[in-house]
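> Same order as they appear, the protein sequences are chains A and B. Everything in the first sequence is counted per my numbering, starting at 1 for the first residue and increasing by one. Everything in the second sequence is counted per my numbering, starting at 1 for the first residue and increasing by one.
Taking lysine to aspartate or glutamate and the DMTMM-like style, the derived pairs with C-alpha atoms no more than 25 angstroms apart in a straight line are:
1. K311(B) to D321(A)
2. K311(A) to D233(B)
3. K322(B) to E370(A)
4. K263(B) to E418(A)
To be clear, the hints were calculated from the coordinates, so they are not data collected in a lab.
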Amino acid sequence: MAINFEVPDNVQQQMAMVQMVAEHVMRPISRDIDENEHARPWPFIEQMWPFMRDMQKRNLEKLLSNGDSTPKREGPGVTNLRLMMMVEMLSWGDAGIYLCLPGGQLGGAAIEAVGTPEQKSRFLNRFAEGDKPSWGAMAMTEPGAGSDTSAIQATAVRDEATGEWILNGEKIFCTNGKLALDESDGLVVVWASIDKGAGRAGMRPFIVEAGTPGVKVTKVEIKHGIRASDTAAIVFDNARIPADNILGSPEVEQRNGGSSKGFKGAMATFDATRPLVAASALGIGRASLEFLKDKLAENGVEIPYGRSYHKLTAIQRDVIDMEMNLRAAYLLTLRAISMLDHKEQNSLEASMAKAKAGKVVTQIGQRTVELLGPAGYSREHLAEKWMRDSKINDIYEGTGQINTLIVARRILGYSSSELR
Amino acid sequence: MISFTPTEEQQQLIDTIRRFAANDVQPIAHEADENQRVPANIITTGWEIGLVPTAIPEELGGLGELSAVTGVLAAEELAYGDLSAALQIMAPALFAYPIILFGTAEQRENLLPMFLEERPAHATGALLEPGVFFDPTDLNVTATVEGDRVKLNGTKAYVPLAATADWVLVYTRNAETNKIEAYVIQTDVRGVEIGGREHLMGIRALPTHQVNFNNAEVDLPCRLGGAVGMDFDVILNRSRVALAAMAVGVARASFEYARDYAKGRVQFGVPIAQKQAIAFMLAEMAIEVDAARLMVWEAAWKLDQGEDATKESYLAKEYADKAVMQVTDSGVQTLGGYGFIREYPAERWLRNGRGFTTFDGLAMV
Numbered sequence: 001m002a003i004n005f006e007v008p009d010n011v012q013q014q015m016a017m018v019q020m021v022a023e024h025v026m027r028p029i030s031r032d033i034d035e036n037e038h039a040r041p042w043p044f045i046e047q048m049w050p051f052m053r054d055m056q057k058r059n060l061e062k063l064l065s066n067g068d069s070t071p072k073r074e075g076p077g078v079t080n081l082r083l084m085m086m087v088e089m090l091s092w093g094d095a096g097i098y099l100c101l102p103g104g105q106l107g108g109a110a111i112e113a114v115g116t117p118e119q120k121s122r123f124l125n126r127f128a129e130g131d132k133p134s135w136g137a138m139a140m141t142e143p144g145a146g147s148d149t150s151a152i153q154a155t156a157v158r159d160e161a162t163g164e165w166i167l168n169g170e171k172i173f174c175t176n177g178k179l180a181l182d183e184s185d186g187l188v189v190v191w192a193s194i195d196k197g198a199g200r201a202g203m204r205p206f207i208v209e210a211g212t213p214g215v216k217v218t219k220v221e222i223k224h225g226i227r228a229s230d231t232a233a234i235v236f237d238n239a240r241i242p243a244d245n246i247l248g249s250p251e252v253e254q255r256n257g258g259s260s261k262g263f264k265g266a267m268a269t270f271d272a273t274r275p276l277v278a279a280s281a282l283g284i285g286r287a288s289l290e291f292l293k294d295k296l297a298e299n300g301v302e303i304p305y306g307r308s309y310h311k312l313t314a315i316q317r318d319v320i321d322m323e324m325n326l327r328a329a330y331l332l333t334l335r336a337i338s339m340l341d342h343k344e345q346n347s348l349e350a351s352m353a354k355a356k357a358g359k360v361v362t363q364i365g366q367r368t369v370e371l372l373g374p375a376g377y378s379r380e381h382l383a384e385k386w387m388r389d390s391k392i393n394d395i396y397e398g399t400g401q402i403n404t405l406i407v408a409r410r411i412l413g414y415s416s417s418e419l420r
Numbered sequence: 001m002i003s004f005t006p007t008e009e010q011q012q013l014i015d016t017i018r019r020f021a022a023n024d025v026q027p028i029a030h031e032a033d034e035n036q037r038v039p040a041n042i043i044t045t046g047w048e049i050g051l052v053p054t055a056i057p058e059e060l061g062g063l064g065e066l067s068a069v070t071g072v073l074a075a076e077e078l079a080y081g082d083l084s085a086a087l088q089i090m091a092p093a094l095f096a097y098p099i100i101l102f103g104t105a106e107q108r109e110n111l112l113p114m115f116l117e118e119r120p121a122h123a124t125g126a127l128l129e130p131g132v133f134f135d136p137t138d139l140n141v142t143a144t145v146e147g148d149r150v151k152l153n154g155t156k157a158y159v160p161l162a163a164t165a166d167w168v169l170v171y172t173r174n175a176e177t178n179k180i181e182a183y184v185i186q187t188d189v190r191g192v193e194i195g196g197r198e199h200l201m202g203i204r205a206l207p208t209h210q211v212n213f214n215n216a217e218v219d220l221p222c223r224l225g226g227a228v229g230m231d232f233d234v235i236l237n238r239s240r241v242a243l244a245a246m247a248v249g250v251a252r253a254s255f256e257y258a259r260d261y262a263k264g265r266v267q268f269g270v271p272i273a274q275k276q277a278i279a280f281m282l283a284e285m286a287i288e289v290d291a292a293r294l295m296v297w298e299a300a301w302k303l304d305q306g307e308d309a310t311k312e313s314y315l316a317k318e319y320a321d322k323a324v325m326q327v328t329d330s331g332v333q334t335l336g337g338y339g340f341i342r343e344y345p346a347e348r349w350l351r352n353g354r355g356f357t358t359f360d361g362l363a364m365v
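Bound conformation, chain B alone:
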């Protein structure tokens, strides 16, 4: 039966995060961007909403609820507050969720309990690589199996919170088979070097680093899913819808601000929102935000059905990537000169919005 209404529990979650985003996160977003740091209490409060602990299986003490639909509803609201904060709050999921989905019994038992603690676990994921082009299905970081040991070589980039991480889930190409695999590795292993903080156009409050692997060795059982491995398509798809949902959140923030601004800004004796040139731009923004959201919902719903959602997730991500650019650009345009001034949030949303085409694997539901 077709329905566009979240469950009561989901609606409560949306309301909770929306309040947090509007009352606590948006007010600090500018300063966080300028200082390149999200205040600790924001991360703590965000973590206390409990998205990741909820997803941990019941037998390990969580609630066993890893729904992509719930995940995208939450991701949109978090990113509506601030993208850097959203990515940081959800960074531990980059490690936890693939293990929930594909980890061996041993991996789950050993690695998941740390996500039930009061503070976010120091764990992250590494998929992106430096350079001009990036293709998640054709990685340059390699895993070479030698007996029951595996040597990792190559460089990852845009790894969130790498400098403070104890654990990294690193995606690699098997040097022999070319298959994409993932390995759990601790950052104090010899051959793992965390680079300096990266300087990006947007998401400036989120610390990201390059991580270099120079013959860094792990045991073969550290491979995600063991001998069976993982379904990388599912991981990519869950990342696609998570990021697309965050793009919707950023776009919505930009749209709402521009809409309210246009109703208050008087030129030629009337609010500029009463001019069709502005009103139509705002209408297009509203349509694109809704359209992108519906694409995300459908893909997430299909993921929850356990069906192959590659096409839906891919199209949702492509759509949201374009929509967030169009909407955040129109957001700046609506504010005119003020749109260009950093004191106003519109240009930050445009900078953050530009990142989505690059952000493979930076969020997960």
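If we strip away everything but chain A, and leave its shape as in the complex, we get:
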């Protein structure tokens, strides 16, 4: 090994194609979809479905053939790198529309991470075949349980007669919940407690398929940004879930000595998804910064890399500050992603990347609007939209504060009870 920042040629070529989609499919409908919240970006979805389907098919085949054995190929792969680059590029196109990308999304990621081979085959095939797109989603947050997932109230009780799980409770802020449950034959991975006395150790994710009686999308949120993406509230009213739709063991481990493996296992999904949220932030940040630099150049302001700092104008300093912070966030994300491809533990690095990217890109969005003045604030341009879109990246998949807390615990060697 040697330190190397070269993106492989084949990934670069694929990104050229993704860029075409971002530029010619997403950007032209970006404003319109934002203005008409809850309208679906069908041209994008239809364009991307065959591509995503084939990609997910290859991925699934690999997952199922490898099982738990070691990978056949020598050396590290580029699966996560490719995904990061794609998410960045699509979010440069439009972050809200990107979230409508058909596929398993967070729900699929959880099944990939902790599902049995049988579950992977049974649930993930829908994202890898057919003419119609479908979506997966993850439902964790509840009105009373945001960052504090241990406060989850939803319950799953086993019906001893049939072996089914009976699910009750309310989930909110579920990204793509409506696409998954009402608009496709998708699925939602729902977190519920099988033993309230056991705290986190009693939490389990359940796979709930579209069409399950007792499952209802009750609301779709109206939002600040990423308005193309549906954010659903879902109510579970005695919804009966098949016995083998539970991810992880149906038994609750002893609190003392037993690790809450089910919970931790699924939380590990975040190690893979947090860098992707960071990547999405990076794409929005790049869009903002490119637009800002273009507009400044049109007005005679260039960024003179290399010039002494004291000879820069305030605007030049601002742009350089934004640019270097975006690059820093990019490199932190690249490192977290590269570790995934090398199959290294990356919880610390994933949270570092997510915390940094969420913060930096939010600031870039806000400063871009400020620096562009009337043009920045106008809905005639996309800068104000990007500012609104960027903010979510400092909130979902763990707020900036939660990710900072994770970083703090890791660098200090503290457990969640030692550093609350």
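Take the given structure of chain A and dock chain B to it, following the hints.
Just chain B now, with coordinates in the frame of chain A:
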């Protein structure tokens, strides 16, 4: 292929310098700062690691390895030990590296063998100038060409080890063309005056001096690179990443100390690290250290590819300059009152950290 893993040889070098920095350098750093002097054995041991000799071309007896990536990995570890010591150990590179990179065959043959000796060569570089503002692309020290002689005029500042130097590589503006050039000059030439030792806020163990040129004359062939000259952007960029790497080293030292201190310092019945106000500050420090390091690595990697790395080097330096201030300030803050006491290292790192925005051309990879 993306990778964040140094080569085995680089890792061995990192481990060697890290041991030296932690076991030998950090323990003497306070005294060195107070006495304004790095102990001779530290400089000797640091020199024996062999960074500069390794960089000398093979045909002259070195190993011909002048990698910016290896250089920044080493620079971070050296500065993690102590910034004054790091700058002093690496000062001969300010003279040697530009000659390796751009020297004429004659300059290389004549001037590089002295860097293969057991003791550090008495050679340094002079870029900075006194005053309020400094811009490396708009120098006040001038070179006036008269026939085959060149007259140097003006004042350089912050020249490391100038009082003991035999050789100086001095950067000048051509009085006629305004182009930036560099000249090799011996300190015993008439018209070269070494000023008294400068008194700075930080890097107090590193002797620096003003050097005044008053119609000091050299032969035209003393110009770095001869008629072709040099690529000044490359020199600046290699200096930027070297200094940025040292900023990362200083920041990391401050972060690690603050982290360990916070875990041991008990207030309100618990280690203060268990309070989010402190824990979050430490988390931010850790993120900034890593972010700055990655910026440095990318710029250095691009330099090694032989591509124009001006943007990356510049942004890495700007980033590291800010990061080291934020981190070393938080380091002092974490220690509270003890942070302000000179017996503790935190305030020294803050003083040293403040210098990086000023330190153009003070280190090189």
